[in-house]
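Heads up: the sequence lines are chains E, A and P, in that order. Note that the first sequence covers residues 1 to 135 in the UniProt record's numbering. Note that the second sequence covers residues 1 to 135 in the UniProt record's numbering. Note that the third sequence covers residues 1 to 135 in the UniProt record's numbering.
Hints may contain errors.
Unchecked claim - Calculated lysine-lysine pairs in the DSS-like style (CA-CA distance at most 30 Å, straight line):
#1 4(E) to 55(P)
#2 77(P) to 4(P)
#3 77(P) to 3(A)
#4 55(E) to 3(P)
#5 77(E) to 4(E)
#6 3(A) to 3(E)
#7 55(P) to 3(E)
#8 77(P) to 55(P)
#9 4(A) to 3(P)
#10 77(E) to 55(E)
#11 4(E) to 55(A)
#12 3(P) to 3(A)
#13 3(A) to 4(P)
#14 3(P) to 77(E)
#15 77(E) to 4(P)
#16 4(A) to 4(P)
#17 3(E) to 55(A)
#18 3(P) to 3(E)
#19 77(A) to 4(A)
#20 77(P) to 4(A)
#21 77(A) to 55(E)
#22 77(A) to 3(A)
#23 3(P) to 77(P)
#24 77(A) to 55(A)
#25 3(E) to 55(E)
#26 4(E) to 3(A)
#27 4(E) to 4(A)
Said to hold, decoys possible - Residues of chain P clear of chain E, computed beta-carbon distances all greater than 12 Å:
#28 3
#29 18
#30 45
#31 63
#32 66
#33 70
#34 71
#35 76
#36 82
#37 117
#38 134
These are computed hints drawn from the structure, not numbers from a lab. All figures in this text were calculated on a predicted structure; none of them were measured in a lab. In this text, a Cβ means the ideal position worked out from N, Cα and C, and glycines have one as well.
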Amino acid sequence: MFKKVHVFRVRPGEELLSNIARYCREHGISSGIIIGIIGSVERARLNFLMELPGKYESVDYPGPLEIVCAQGSVALKDDSPIIHIHIQLSGQDICRGGHLAEATVLSTAEVAIGELDYHLRRQLDSYTGLNELID
Amino acid sequence: MFKKVHVFRVRPGEELLSNIARYCREHGISSGIIIGIIGSVERARLNFLMELPGKYESVDYPGPLEIVCAQGSVALKDDSPIIHIHIQLSGQDICRGGHLAEATVLSTAEVAIGELDYHLRRQLDSYTGLNELID
Amino acid sequence: MFKKVHVFRVRPGEELLSNIARYCREHGISSGIIIGIIGSVERARLNFLMELPGKYESVDYPGPLEIVCAQGSVALKDDSPIIHIHIQLSGQDICRGGHLAEATVLSTAEVAIGELDYHLRRQLDSYTGLNELID
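Produce the complete structure using the sequences and hints provided.
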């Protein structure tokens, strides 16, 4: 179950992913589910997996764009937390989603994280070339 | 944690946002996380933030469109609940998401809300011109 | 509330929906909320509701595509669990979402399911022609 549901705001001009990492560090969250993120960004970089093992391409998107939604997790690799988030962005003329590399908040990002009562763990998967969840 | 997870349906022809508000009022939900919404709409109006402070543009989308997903929260401003939802819509030829202003349900909208065991609060932020979450 | 939050991986080459069904069967999950799915697919089939009662069109999407997010539920119809998922997919050049008919995993699909402490139920709705949630 979720032993605690954390809800917090990332503010204008702040980088989204590093501020989520900072919140998790300050609140001792080592394993959790990103239940949702909504808000807006002034710019964002998304990664797209092109082929295995682990070949990504990065694309920069200028804002303003709505953060429509986001999902993902906080999990331990060895003893360090890895935050893995996919995010959906949209304006009136474009709509794209992918692996969140970085994003600068425009008005707000409202983040909800469900902290788990057990540990999620990742390890390198030689087939995909990525740090994958261990069941 | 979520003291209760509410799951309910909004029916054909009903307006989505006002029916979520009504459900929250009838069930005494003053603070919660919109975990998800899926279904379909026959029309929807989305808002897009264009610049700060708080300048939005509204766009109407005719359906039928799938409700792919939605996220957001129920939070108190003063003592009144504010429901803030971003929603992703898609058809075969168009895909857009943004701030849910209103939408009319086509077949169904299946709504899941996690009711929090503490209060979320909003207040006006003079920089963004919007009612923002207070940490 | 969520009596348990299940997090698991569907692996490269596996079909997403049938593997979620298998996980639920093996872990005795008869009612729950799909909190999220992220990852990537090498192909996917989405259904789009065109008109009532229950007329869908299916579209196949070749990958690689990111699984940006997904939402839905596990609910009982009579005594059999039905898994209903809407999923958002995106590449650099296309972004679509809809009812998940089937999808083949590329690198991973990280699935989070909140198991409910009560039963969700569906029954056929003669107006929509679909199995709809019962409040």
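Consistency of the hints with the structure:
1. At roughly 42 Å between alpha-carbon atoms, residue 4(E) and residue 55(P) are farther apart than 30 Å, so this suggested pair is violated.
2. Note on residue 77(P) and residue 4(P): the hinted pairing holds, with a Cα-Cα distance of about 22 Å set against a maximum of 30 Å.
3. For the given pair, residue 77(P) sits about 26 Å from residue 3(A) by alpha-carbon distance, which is consistent with the 30 Å threshold.
4. About 38 Å separates the Cα atoms of residue 55(E) and residue 3(P), which puts this hinted pair outside 30 Å; it is violated.
5. Under the criterion of a C-alpha separation no larger than 30 Å, the hint pairing residue 77(E) with residue 4(E) is consistent with the structure, at around 22 Å.
6. Only pairs whose Cα atoms come within 30 Å are accepted, and residue 3(A) paired with residue 3(E) is accepted, the gap being roughly 11 Å.
7. At roughly 42 Å between alpha-carbon atoms, residue 55(P) and residue 3(E) are farther apart than 30 Å, so this suggested pair is violated.
8. A hinted pair counts as satisfied when its Cα atoms are at most 30 Å apart, and residue 77(P) with residue 55(P) qualifies at roughly 20 Å.
9. Our distance criterion of 30 Å between C-alpha atoms is met by residue 4(A) and residue 3(P), whose separation comes to about 10 Å.
10. A C-alpha spacing of about 20 Å is found between residue 77(E) and residue 55(E), which places the hinted pair at or below 30 Å, so the restraint holds.
11. For the proposed pair residue 4(E) and residue 55(A), the alpha carbon gap of about 35 Å is over 30 Å, so the pair is violated.
12. Under the criterion of a C-alpha separation no larger than 30 Å, the hint pairing residue 3(P) with residue 3(A) is consistent with the structure, at around 11 Å.
13. In summary, the hint linking residue 3(A) to residue 4(P) is supported, as the alpha carbons are separated by about 13 Å, within the 30 Å threshold.
14. Between the alpha carbons of residue 3(P) and residue 77(E) the distance comes to roughly 26 Å, so the proposed pair stays at or under 30 Å and holds.
15. At most 30 Å may separate the alpha-carbon atoms for a hinted pair to count; residue 77(E) and residue 4(P) meet this at roughly 23 Å.
16. As the CA atoms of residue 4(A) and residue 4(P) are separated by approximately 13 Å, the hinted pair is consistent with the 30 Å bound.
17. The suggested pairing of residue 3(E) with residue 55(A) is violated, with an alpha-carbon distance near 38 Å, which exceeds 30 Å.
18. A hinted pair counts as satisfied when its Cα atoms are at most 30 Å apart, and residue 3(P) with residue 3(E) qualifies at roughly 11 Å.
19. The straight-line distance between the Cα atoms of residue 77(A) and residue 4(A) is roughly 22 Å, inside the 30 Å bound, and the hint therefore holds.
20. Between residue 77(P) and residue 4(A) the alpha-carbon distance is near 23 Å, which keeps this suggested pair within the 30 Å criterion.
21. The hinted pair formed by residue 77(A) and residue 55(E) fails the criterion: a straight-line CA distance of about 46 Å is larger than 30 Å.
22. Only pairs whose Cα atoms come within 30 Å are accepted, and residue 77(A) paired with residue 3(A) is accepted, the gap being roughly 21 Å.
23. At most 30 Å may separate the alpha-carbon atoms for a hinted pair to count; residue 3(P) and residue 77(P) meet this at roughly 21 Å.
24. Restraint check for residue 77(A) and residue 55(A): satisfied, since their Cα atoms lie roughly 20 Å apart, inside the 30 Å limit.
25. Of the supplied pair hints, the one linking residue 3(E) and residue 55(E) is violated, its CA atoms being roughly 36 Å apart against a limit of 30 Å.
26. Our distance criterion of 30 Å between C-alpha atoms is met by residue 4(E) and residue 3(A), whose separation comes to about 10 Å.
27. Between residue 4(E) and residue 4(A) the alpha-carbon distance is near 13 Å, which keeps this suggested pair within the 30 Å criterion.
28. With a cut of 12 Å on Cβ distances, residue 3(P) falls inside the contact zone with chain E, its closest approach being about 6 Å.
29. Residue 18(P), annotated as away from the interface, keeps every beta carbon of chain E farther than 12 Å; the closest lies near 17 Å.
30. At roughly 19 Å from the closest C-beta of chain E, the C-beta of residue 45(P) stays outside 12 Å, upholding its exclusion from the interface.
31. Once the 12 Å rule is applied to beta carbons, residue 63(P) is inconsistent with being away from chain E; the minimum gap is 9 Å.
32. For residue 66(P), the condition that its CB be more than 12 Å from all CB atoms of chain E is violated, with the nearest at approximately 5 Å.
33. Distance check on residue 70(P): its Cβ comes as close as 8 Å (rounded) to a Cβ of chain E, failing to clear the 12 Å threshold; non-interface status is violated.
34. At roughly 9 Å from the closest C-beta of chain E, the C-beta of residue 71(P) falls inside 12 Å, breaking its exclusion from the interface.
35. No beta-carbon of chain E comes within 12 Å of the beta-carbon of residue 76(P); the shortest separation is about 21 Å.
36. The claim that residue 82(P) lies off the interface holds: its Cβ sits roughly 22 Å from the closest Cβ of chain E, which is beyond the 12 Å cut-off.
37. Distance to chain E contradicts residue 117(P) as a non-interface residue, since its nearest Cβ pair spans about 10 Å, not more than 12 Å.
38. Once the 12 Å rule is applied to beta carbons, residue 134(P) is consistent with being away from chain E; the minimum gap is 25 Å.
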